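Residue numbers (full-length UniProt numbering), protein chains in the order written: chain R, 1 to 428; chain G, 1 to 152.
Be careful, since some hints might not be right.
Unchecked claim - Mimicking SDA-like on lysine to any residue, the simulated pairs with C-alpha atoms at most 20 Å apart in a straight line are:
id : chain 1 : residue 1 : chain 2 : residue 2
1  : R       : K87       : R       : R134
2  : R       : K199      : R       : V98
3  : R       : K199      : R       : Q132
4  : R       : K73       : G       : P65
5  : R       : K199      : R       : Q402
6  : R       : K73       : G       : I71
7  : R       : K87       : G       : R69
8  : R       : K87       : G       : E90
9  : R       : K87       : G       : A63
10 : R       : K199      : R       : F400
11 : R       : K87       : R       : D206
12 : R       : K87       : G       : E73
13 : R       : K73       : R       : F234
14 : R       : K73       : R       : R224
15 : R       : K87       : G       : I71
16 : R       : K87       : R       : Q132
17 : R       : K199      : R       : Y94
18 : R       : K199      : R       : R134
19 : R       : K73       : R       : T280
20 : R       : K73       : R       : V269
21 : R       : K73       : R       : L233
22 : R       : K87       : R       : R224
23 : R       : K73       : R       : V260
24 : R       : K73       : G       : A63
25 : R       : K73       : G       : Q62
26 : R       : K87       : R       : A209
27 : R       : K199      : R       : R95
28 : R       : K87       : G       : H75
29 : R       : K87       : G       : A68
30 : R       : K87       : R       : M99
31 : R       : K73       : R       : M212
32 : R       : K73       : R       : Q263
33 : R       : K73       : G       : A68
34 : R       : K73       : G       : H75
Everything labelled a hint here was simulated from the structure, so no lab data went into it.
The structure presented is a predicted model; accordingly, all values stated were derived computationally and were not measured.
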Amino acid sequence: MSALLALAIFAVAFFFIATERADKVRTVLIAAGVMTALGLAPGAAVFFSEQEGIDWNVIFLLFGMMVIVGVIKQTGLFDFLAIWAAKRSQGRPYRLMVMLMIITAVASPFLDNVTIIMLIVPVTVVVCDRLQVRAQPYIIAEVLASNIGGAATLIGDPPNIIIGSRAGLSFNDFLVHMAPIVAVVFVVFVLLTRVLFRKDFEYHPDRVAEVMTLNERRAITDPRLLVRSLVVLFLVVLGFGLHTVLHLEPSIVALLGAGVMVQVTRSDVYETLAEVEWPTLVFFVGLFVMVAGLGHTGVIETIGVWAVQVVGNDYFAAATALIFGSAVLGAFFDNIPYAATMAPIVEELVAGVPDPQTGQALWWSFALGADFGGNGTAVAASANVVAIGMAARTGHRISFWQFTRYGIVVTLLSSVLAWIYVALRYFV
Amino acid sequence: MRAHDIVEGVPTVTADDPVAAAVRLMARTRLPGLIVVDTRSVPTAVLPGTQVLRMTVPRSHQAHPSLARTIDEPHADLFWSELGDRTVGECLPDRPERLAVIAQDATLLEAAALMGRARSPLLAVVGDDGRLLGGVVLGRLLAALSQASPEG
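Please work from the sequences and hints to get the whole structure.
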């Protein structure tokens with residue numbers, strides 16, 4: 001009975017989150033509150049149990065990275081790079097798109113996708129307005145590139161942070177297993193954009209002079225801040241790479257990095273803390289309590305047992321289902337709540353796998369599907385929603401289908417490539 | 001003294017009015033801000049002058065001072081012309097501040113406290129039915145306070 005009640009509360013909340021009929025933070029808080037009040041979520045364990053409660057590693061990793069990003073975004077680096085790229089491209093559309101995609105994809109494994117989109121979209125709009133070309137194709141390409149690039153590392157995409165923490169996978173594990181296929185997918189994606197956006201490429205040679213008048217050097221007013229923050233970011237990434245050697249959780253590395261960043265750049269602590277996306281952190285907390293309710297009432301175990309029975313010994317079929325199932329479900333729902341819900345179910349599934357390497361292959365399949373599913377529709381990832389909102393406010397409206405018709409193609413292609421990769425690397 | 005003693009009739013705009021017209025109205029009447037009302041004359045936003053000016057700045061530059069710095073002088077002078085036919089409603093902040101609205105029987109202390117808290121030199125004064133009666137502007141409030149003081 002309690003399992004059914006927990007499942008019903010969860011389903012209603014998920015409906016409101018997925019359809020955006022109500023504020024998602026408010027929704028998870030209400031659902032988490034109801035689950036806790038009814039005893040469906042496990043009382044004090046919600047705060048203190050690593051398996052059955054709020055995953056503080058995820059919360060503090062996100063918090064630390066938000067502080068770090070809050071300082072980096074003051075440097076003007078993205079404005080500098082994007083204008084520099086626009087000048088180098090001489091207004092040639094495909095060249096411009098590729099350069100913007102590379103900037104986005106290179107940054108996205110290390111910085112949160114939403115922040116990158118918030119930094120790159122405004123300057124993209126300015127450049128496109130100067131060239132008198134439609135900004136929508138460039139914005140869509142940047143979002144798709146950021147979701148692909150973010151899949152490469154533990155910190156690049158929120159589903160990876162959730163999966164890494166749940167599965168005990170390190171930063172280097174993600175680099176070794178995810179980065180190679182992400183690089184392949186990105187290269188194929190860059191080539192594909194030549195075809196995908198071919199009708200949108202406009203070239204007005206007479207407008208190039210307008211771009212050349214932009215002064216990218218003025219974007220960076222404090223070179224010392226830029227250098228110091230990049231050095232700290234490098235050290236943080238190095239810390240992630242060595243976190244298993246240093247015996248530090250990624251969240252501790254991020255928190256230490258955030259502290260060092262604020263000290264070294266002499267940033268105002270209060271201004272920097274104001275940059276933290278507190279509603280996002282609260283959303284994660286509420287989400288974890290909801291999932292704890294499913295775990296505590298046995299829903300997750302039941303689904304896990306069912307999944308194990310269905311899979312039997314055919315783990316390649318399980319990997320296939322995880323890639324394509326996650327891509328499809330992750331495309332229609334926000335991939336963050338999807339990953340948070342599915343992670344304990346995949347954990348149950350992996351627990352029944354005799355060979356650890358095959359078990360890990362299932363985690364990678366899940367991560368690839370959830371990450372690439374983030375490109376599937378306009379609402380599949382937070383970066384998509386943010387980009388579309390920003391585009392509309394700057395007069396470059398992107399409809400749900402305008403985004404989704406490109407997103408579906410890219411998700412399908414990247415999922416197929418991921419499936420081939422998983423098959424060749426882990427099951428042949 | 002209470003708010004109804006110092007309330008003044010102030011021109012208002014609706015969310016459907018063009019931003020350019022709203023800014024012109026503020027410039028013409030020399031008001032320190034603007035009150036946005038709905039069809040029932042209930043205030044939906046009270047915008048200090050700086051926030052009205054902010055509505056004229058392209059969104060891409062509002063949160064990005066570094067990007068604004070890259071714009072060359074001739075273009076920087078023309079940002080106003082990029083407003084087009086955007087409406088007040090389209091340019092209002094995503095998360096509006098708490099409304100700078102007081103009841104007609106509010107004291108001068110309440111009015112001054114709200115003005116300071118909302119950082120708004122203009123307050124909307126509403127009647128019991130929530131409809132706008134007028135506005136209290138900073139200059140008028142200061143004059144009333146100075147009049148009321150023993151040294152005044």
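Okay, the hints, checked on the actual structure:
no.: 1; hint: R:K87 / R:R134; in the structure: holds, 17 Å
no.: 2; hint: R:K199 / R:V98; in the structure: holds, 16 Å
no.: 3; hint: R:K199 / R:Q132; in the structure: holds, 15 Å
no.: 4; hint: R:K73 / G:P65; in the structure: holds, 11 Å
no.: 5; hint: R:K199 / R:Q402; in the structure: holds, 13 Å
no.: 6; hint: R:K73 / G:I71; in the structure: holds, 18 Å
no.: 7; hint: R:K87 / G:R69; in the structure: holds, 17 Å
no.: 8; hint: R:K87 / G:E90; in the structure: violated, 32 Å
no.: 9; hint: R:K87 / G:A63; in the structure: violated, 23 Å
no.: 10; hint: R:K199 / R:F400; in the structure: holds, 19 Å
no.: 11; hint: R:K87 / R:D206; in the structure: holds, 14 Å
no.: 12; hint: R:K87 / G:E73; in the structure: holds, 18 Å
no.: 13; hint: R:K73 / R:F234; in the structure: holds, 15 Å
no.: 14; hint: R:K73 / R:R224; in the structure: holds, 14 Å
no.: 15; hint: R:K87 / G:I71; in the structure: holds, 14 Å
no.: 16; hint: R:K87 / R:Q132; in the structure: holds, 15 Å
no.: 17; hint: R:K199 / R:Y94; in the structure: holds, 11 Å
no.: 18; hint: R:K199 / R:R134; in the structure: holds, 11 Å
no.: 19; hint: R:K73 / R:T280; in the structure: holds, 18 Å
no.: 20; hint: R:K73 / R:V269; in the structure: holds, 15 Å
no.: 21; hint: R:K73 / R:L233; in the structure: holds, 12 Å
no.: 22; hint: R:K87 / R:R224; in the structure: violated, 25 Å
no.: 23; hint: R:K73 / R:V260; in the structure: holds, 16 Å
no.: 24; hint: R:K73 / G:A63; in the structure: holds, 11 Å
no.: 25; hint: R:K73 / G:Q62; in the structure: holds, 14 Å
no.: 26; hint: R:K87 / R:A209; in the structure: holds, 9 Å
no.: 27; hint: R:K199 / R:R95; in the structure: holds, 15 Å
no.: 28; hint: R:K87 / G:H75; in the structure: holds, 17 Å
no.: 29; hint: R:K87 / G:A68; in the structure: holds, 17 Å
no.: 30; hint: R:K87 / R:M99; in the structure: holds, 11 Å
no.: 31; hint: R:K73 / R:M212; in the structure: violated, 24 Å
no.: 32; hint: R:K73 / R:Q263; in the structure: holds, 16 Å
no.: 33; hint: R:K73 / G:A68; in the structure: holds, 14 Å
no.: 34; hint: R:K73 / G:H75; in the structure: violated, 24 Å
In summary, the numbered hints that this structure violates are 8, 9, 22, 31 and 34.
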